[in-house]
Amino acid sequence: MCGHCGCGSNAGTTVLNLETGTETVMQRGLPSHSHDHDHPHDHDHPHDHAQGHSYFHNHDHRRDHADHNDSHASAEGALVELETRILAKNDALAERNRAWFQGREILALNLVSSPGAGKTSLLERTIRDLRQELRLYIIEGDQATAFDGERIRAAGAPAVQVNTGSCCHLEADMVARGLQELRPSAGSIVMIENVGNLVCPALFDLGERAKVVILSVTEGDDKPLKYPHMFRAADLMILNKIDLLPHVDFDVSRAITNAAQVNPAITALELSARTGEGLDGWYTWLRREAAAVRGAVFS
Amino acid sequence: MHELSITRNIVAIVEEAARGRRVRRVTLEVGELSGVVSDAIAFCFDVVIAGTALEGATLEIRRIEGRARCASCGSEFATATLFASCACGSCRLTRLEGAELNVKSMELLEAA
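Chains as they are written, first to last, in this note's numbering: chain A, 1 to 299; chain B, 1001 to 1112.
One chain only, chain A, in its complex shape (with noise of 0.2 Å):
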């Protein structure tokens, strides 16, 4: 294994395809692979390369950059600027990604919190409510276990397990290679569930409409101020397990109150993924948001 960069199976993400069981290592695009120090396994990788030119190719897209850049060097000597922006690759990939769901009219919403905070309950729920009305897809990211893919199959809709391995968010080439297993249709709601993380998941856009944060009333109210960025980022703020308010010291207005000053156009909705309560709410909000997708494309 290649203990310089990672790509040793122990550390790199796998892709399970829920409704055919077929389990593919994912061979990341960073860092590049150029290195030519001692690796004997790099032969035994598949290459991207033999996809061929399918849209999904994780391919690096950085290269014309580089050259140009090169330009300077030989003017200026050993000094290279490079102005490139550290999360570029990833933000191009995302832009595909979001390319690619709305010219299918597909809603794709990505749904992070604390672990524990109930983004599973809760598109378990939506799904046994909903299915017969929409078409949900789930990619479920984790950093083990295939646990969660299974709740979702279980409750009725179609699943892909990213294990991130190492990694303790998605980025965007692995839900393209979600995508590319889930083949979600035209019209259809793709809910990405996020690893289990208020604070790096903020960072790596995968090409969503909108990031839905979860905040469960067994945590504290003040969340949206110690974990600004993620609270900054999103578009809806979930308040779940209103069921147990009672027994907690939770204080709702506080939290919402906490969220508006750290982004002032967050909506925010209160329901318990468990009893019900407050779920129609959530649901309307993701009927007018599926219907605005389907609006936009030639607008």
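It should be emphasised that the hints constitute simulated quantities derived from the structure, not laboratory data.
No incorrect hints appear here.
Computed beta-carbon distance windows for the label pairs:
#1 B:1020 x A:23: 28 to 38 Å
#2 B:1024 x A:294: 49 to 59 Å
#3 A:104 x B:1063: 36 to 46 Å
#4 A:274 x B:1051: 46 to 56 Å
#5 A:132 x B:1071: 36 to 46 Å
#6 B:1050 x A:277: 48 to 58 Å
The beta carbon of each residue, even a glycine, is placed where N, CA and C say it ideally should be.
Once you have looked at the hints, place chain B on chain A.
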């Protein structure tokens, strides 16, 4: 620990631009509102560069202060947080600077 992913991106960008040449210094611009901890990048950098064209390179991180403009009264001011309020009481702020996360430049070991 997204700084590990970020650092891998940095090294991939520089290594590709270097095209086999050795790199002795990398300069980054990291905004104070970027959500990335400079110290954590520095920590990851030494690990990630091992065995690459950047091995032994030094890392320079230029911090960029957060600046915002108030959407209500139009005043501009420095801010270290995402949820600052303007002196006028509004918290509708446009971030002007501080979100930067750039590889500014690299210095090659020998002249190109």
